[in-house]
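S.K.: Spelled out, the chains give:
2 protein chains.
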Amino acid sequence: MTKIHIIGLGLLGGSFALAIQRAKPDWIITGHDNNPGHLQEALVAGMISEHKVIPDKDTDVVILSTPVDSLYPLLTQTLDHVGTNTLIMDFGSTKAKICQQMADHPKRAQYLAVHPIAGTENSGPKAAVEDLFDGKVLIICEMEKTNLHLKGLAYDIFEVLNMKLRFMEPHDHDLHLAFVSHLSHISSFVLGKTVLDKMQDEKNIFDMAGSGFASTVRLAKSSPEMWAPIFLENKINMLEALDSYIRHLTAFRDKIAQDDVQGLFGEMREANKIRDILDLEK
Amino acid sequence: MTKIHIIGLGLLGGSFALAIQRAKPDWIITGHDNNPGHLQEALVAGMISEHKVIPDKDTDVVILSTPVDSLYPLLTQTLDHVGTNTLIMDFGSTKAKICQQMADHPKRAQYLAVHPIAGTENSGPKAAVEDLFDGKVLIICEMEKTNLHLKGLAYDIFEVLNMKLRFMEPHDHDLHLAFVSHLSHISSFVLGKTVLDKMQDEKNIFDMAGSGFASTVRLAKSSPEMWAPIFLENKINMLEALDSYIRHLTAFRDKIAQDDVQGLFGEMREANKIRDILDLEK
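Keeping their order, the protein sequence lines are chains A and P.
Counting from 1, position 55 in the first sequence corresponds to residue 55 in the UniProt record's numbering; the numbering is continuous, with no gaps.
Counting from 1, position 232 in the second sequence corresponds to residue 232 in the UniProt record's numbering; the numbering is continuous, with no gaps.
Just so you know, the hints here were simulated from the structure itself, not pulled from any lab data.
One should not assume that every hint holds.
Identical copies look the same in the list; a pair holds intra-copy or inter-copy alike.
Within a straight-line C-alpha distance of at most 30 Å, the following computed DSS-like cross-link-like pairs (lysine-lysine) qualify [to be verified]:
| # | residue 1 | residue 2 |
| --- | --- | --- |
| 1 | 126 | 198 |
| 2 | 235 | 198 |
| 3 | 255 | 198 |
| 4 | 3 | 24 |
| 5 | 203 | 145 |
| 6 | 273 | 235 |
| 7 | 3 | 151 |
| 8 | 97 | 203 |
Sequences are here, hints too, so could you generate the full structure?
M.R.: Right under this line is the structure:
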């Protein structure tokens, strides 16, 4: 009988619980959330069979799905407590700092650093859906540092969830994610703020917001509690990505100011290539 | 028997044709597109019953659905040609310049300046769908300048299409659209370009692009031929919107650089308010 313990029962942790329940109804899932309302919602939704702040010593897998700045203390506390046959994974969106912090930990082999490329702009247990992970990419960092037997159980779980595994160095992960994911969130947060600052009449925004605006600004609904720690933990890469974005925006702005229609065509045709990439799957 | 002529059979013009055909199968729809491939596609799809470069003199309504820099010459040429009972509407995304150009035109009363807040990132007749306008907002500018009888027919058509009419001055329209729609397109085009410039390995972008990136960058697939003229025609408002966006981005960047976690929370909580606006309908 496999025992899972999930710390953080929000969008990712809750969706993981639901997916495991569907695939493995006989597994035992316990868990905890620091937010009493979220904990209650998770219990009512039956995501966990029992609330436990601390996992049993014989838990097979502990999942940490909380803001990235909470992961290292949680990880070390949990490793101190559990037995030698427990694997701990975190779902954090940054990997370089925690892998570095864990580098010399005596129980490093019981830790697997992963990042599921899955999510929505919503948060909390009510946002959880059982197919959130289905068909999505899971990035694994420093897999060679994790105990082979424990890793085997993790891989079995990811196969059950129908995830596509990718392996990457922590630094590469953080740099690429800064550009592809974290920058999108900032562009969207700031777009929302810019529009709200300018337009006092919210009805006007609503009336004029076509599906294009709704799509571009969607991530501005995301949780500040999750994202502020990500931006700060990935600071060096974030600043590189943001500086590059601001530089490109300024170049685009100047082409408008100079009526440089050919220059604008060029910028947009370059950007159009993103279609081929996003459609790769089809 | 009502006769409609559509110039520009792409996403908007084509969707308009499909919606009219469904609602009013006995109406006659003719049309033209400068792109021979698009014209052929529109004929094959049965969007128009006959290709005519120039509408018949007794056409009831002519729709102009071409890039905004082509609208004024098309409008004056068409007005020169048609009889006094023909209404001409343009679907352009900018309204101030064309309303100003038309201000003293002797046939001004036969023109209605409208802007359907409807679209996708795709273009051409193949992107057209018959429910594109269904339930969407249609902004009408300077409606008092249009002949009452001709306007009546236009309103009947918008009712058939189930559109929600809003009335706005051309300058207000362009200013608000610069922030709510046109800026979204630029933020998305430039996000696409920034990511493509940094990441040489397209497979990496694809693997790491969660649905968040796909949503934020979706508009980067849009047509440069449509959008370059919009940005240039709405230049003064675009520069205001872009300068404000870049200023807000720089402030966000500096808060990351200074580890100002409370400042980041504040920015993101402000931006979170966009959720209430986008959810107004629900």
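S.K.: Hint by hint, note whether the structure agrees.
M.R.: Going down the list of hints, with the structure as the test:
1. 126 / 198: neither (32 Å within a copy, 36 Å between copies)
2. 235 / 198: both (29 Å within a copy, 17 Å between copies)
3. 255 / 198: Both ways: residue 255 and residue 198 sit 23 Å apart in one copy and 21 Å across, limit 30 Å.
4. 3 / 24: within (11 Å within a copy, 63 Å between copies)
5. 203 / 145: This pair counts as between: shortest inter-copy Cα distance 25 Å, intra-copy 54 Å.
6. 273 / 235: both (28 Å within a copy, 25 Å between copies)
7. 3 / 151: Close inside one copy (15 Å), not across copies (70 Å); limit 30 Å.
8. 97 / 203: between (44 Å within a copy, 25 Å between copies)
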